[in-house]
Amino acid sequence: MSNLGKFAIVIIIVIIVLGILSPLISRHPHNLPSGSALESPSWEHWLGTDDLGIDIWAQICHGARASTFVGAGTALLAGVGGSIVGMLSGYLGGDSDRIIMRISDMAMALPDMPTTIILGAFFGPSLKNIIIAISLYSWVAPARLVRSKVLAIKEENYMKAAKSYGANFWHMTKVHFLPQVLPLIAVSMIRLFSKAVVVEAGLSFLGLGDPTSKSWGVILHHAINFKGIYFTEYWKWWLVSPVFIMMSFTTSLAIISRELERLWNGKIEWI
Amino acid sequence: MNRDRTKMLLGYLLTFLIIITLNFFIPRLMPGDPFTSLSSEEGDITVIYSEEQIERYKRYYGMDRPIAEQYIGYLKNLLKGNLGYSIYYNQEVVSILKNRVPWTVAIVICSLIISSFLGTILGSISAWFRNSKLDKILYISMVFISEVPAFLMGILLLFFMAGRWGLFPLSGGMSMFTQYSTKCEVILDILHHAILPVMTLSIAKLGEFYLISRSSMLSVMSKDYMKTARGKGLKSRRILFRHGLKNSILPVITRIFLSLGSIFGQAVLIENIFNYPGIGTLMRQGVMVRDYVLIQGIFLFVAITVLTMNFIADLIYKKLDSRVR
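Each protein sequence line maps, in turn, to chains A and B.
Note that this note's numbering gives residue 103 to position 103 of the first sequence, counting from 1, and the numbers run on in steps of one.
Note that this note's numbering gives residue 360 to position 89 of the second sequence, counting from 1, and the numbers run on in steps of one.
Calculated from the structure, these hints are not laboratory results.
Some hints here could point you the wrong way.
Facing chain B, a subset of chain A residues (Cβ under 10 Å, in silico) [said to hold, decoys possible]:
#	residue
1	Ser34
2	Trp235
3	Thr251
Pairwise CB distance ranges (calculated) [what the hints assert, rightly or not]:
#	chain 1	residue 1	chain 2	residue 2	range
4	A	Gln180	B	Lys517	30 to 40 Å
5	A	Pro23	B	Met334	44 to 54 Å
6	A	Glu233	B	Ile458	49 to 59 Å
7	A	Pro179	B	Tyr342	42 to 52 Å
8	B	Ser442	A	Ile16	34 to 44 Å
No residue lacks a Cβ here, since even glycine has one placed at the ideal position from N, Cα and C.
Given these sequences and hints, build the entire structure.
Here it is in structure tokens:
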């Protein structure tokens with residue numbers, strides 16, 4: 001793995017640790033004022049305070065929690081769920097395969113942001129519901145990848161041999177499918193992770209996300225809607241810090257997924 | 272061949288019907304209703320409407336009838352091109368959409384043209400000078416650009432180019448309360464407002480088109496006819512455009528149609544950043560005030576547009592590429 005890839009992994013680990021240990025790392029509460037309004041960065045408030053006097057460093061750390069929760073939740077739900085669907089679809093073939101592919105065509109045709117907005121409004125925009133809403137259309141990518149790989153494996157001679165010995169679905173999955181499919185699942189889960197973080201931030205930025213979650217998008221929403229943000233100096237810490245942390249998070253995830261693709265060299269064809 | 276096409280058409284029609292059905296049921300399952308959205312507590316009814324008034328309105332909008340009857344009525348209205356009446360704007364949904372859709376379509380089309388054009392050129396150049404310094408710099412910067420979330424890019428552009436430096440207007444699609452002396456000024460004003468949203472969307476899509484065109488050009492360049500062309504002593508510019516580009520453009524064209532889904536999604540966010548008067552801002556407003564009919568109309572419009580474009584992409588691909596038959 002290249003140095004860039006290692007660096008990206010370090011950034012992701014740091015951000016996740018920030019989220020988990022947020023009450024220990026930040027000295028101030030993320031939801032209560034701890035200084036006067038709009039202070040510039042100082043030893044006391046590392047990234048200054050917002051218009052209510054709430055410490056921005058504490059908000060960023062706490063926001064990492066909400067954002068990584070949504071990302072990990074979506075990666076697990078859509079990644080694992082989609083992979084299982086894809087594996088079944090490829091293994092069973094025939095009519096069930098055709099029906100599943102038809103459904104995935106439909107899910108793929110849905111424009112992601114409008115659909116999330118509508119489903120989020122329909123379920124109520126809590127973090128859990130946002131995870132479900134994003135998963136409803138993003139399970140397609142892992143499902144299709146896994147399906148096409150399983151279809152390819154099924155044609156191999158050793159699979160025919162295994163079948164003639166009477167190997168059942170579980171045995172074949174455990175011994176043949178999973179080891180070959182796992183890299184694909186891992187890479188698509190990383191992609192889902194970063195996609196979900198971005199979609200949640202976008203939703204919160206519109207003011208349609210979970211207002212109590214205090215994710216990075218919510219910080220950004222408050223910063224850009226603050227009346228004086230354009231002609232004062234406050235943007236230097238209030239606006240830049242959530243933008244910076246989100247950019248480094250998403251680019252790091254992208255670098256990691258590209259590195260893994262290159263390492264495994266498993267000619268991953270993205271659909 | 273013909274049988275394939277009817278099968279495809281049937282598949283798309285089925286998808287249409289399912290989306291229409293979902294579109295009908297989802298808002299009816301949403302929590303809250305327009306009568307309670309103004310009050311702060313869940314289930315609390317605002318003082319503005321009395322119980323009788325609510326009953327009357329429910330009857331007026333047909334909310335008191337059985338759900339199957341409502342569904343059939345909805346389908347009938349759709350066939351007539353009637354998307355219903357917006358509760359919040361007090362106007363036909365179709366006429367609201369008519370005012371808003373051109374703005375969105377304009378920025379989406381402009382940015383698709385710009386990003387596909389620039390992306391193809393840069394991708395071809397990159398493939399032509401493969402493994403040179405130029406190629407590496409282009410490749411890395413395009414990969415980076417394609418990974419930055421579009422709305423963060425939009426915020427940065429808005430903040431610096433419009434907010435700090437004042438090069439472009441902060442929000443809206445036209446200047447308010449101004450007198451224009453000529454038609455030309457109106458057009459310039461609209462263009463001036465559209466530059467930032469179009470720029471954001473183009474940057475967001477540029478990397479995708481660059482990568483596709485680069486890899487397509489690379490595979491074309493390894494073909495025998497390219498060697499023949501070079502052996503004939505043709506000028507390299509002629510080889511690049513006549514032989515290379517003509518054969519490598521197909522994936523780019525289909526991608527233009529296929530990416531309409533994602534670009535509409537991004538346009539929803541980006542319109543809200545720049546407060547652009549398209550359907551994205553309308554959608555946010557509709558969700559905020561829980562205007563079912565309006566949300567349904569917008570979603571239906573977006574879904575049908577995207578599906579139609581996917582269908583066209585399928586057709587074009589089959590027509591242009593004789594290998595897919």
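Taking the hints in turn, this is what the structure says about them:
no., hint, result
1, Ser34, "violated, 26 Å"
2, Trp235, "holds, 7 Å"
3, Thr251, "holds, 5 Å"
4, Gln180(A) <-> Lys517(B): 30 to 40 Å, "holds, 38 Å"
5, Pro23(A) <-> Met334(B): 44 to 54 Å, "holds, 47 Å"
6, Glu233(A) <-> Ile458(B): 49 to 59 Å, "violated, 37 Å"
7, Pro179(A) <-> Tyr342(B): 42 to 52 Å, "holds, 48 Å"
8, Ser442(B) <-> Ile16(A): 34 to 44 Å, "holds, 36 Å"
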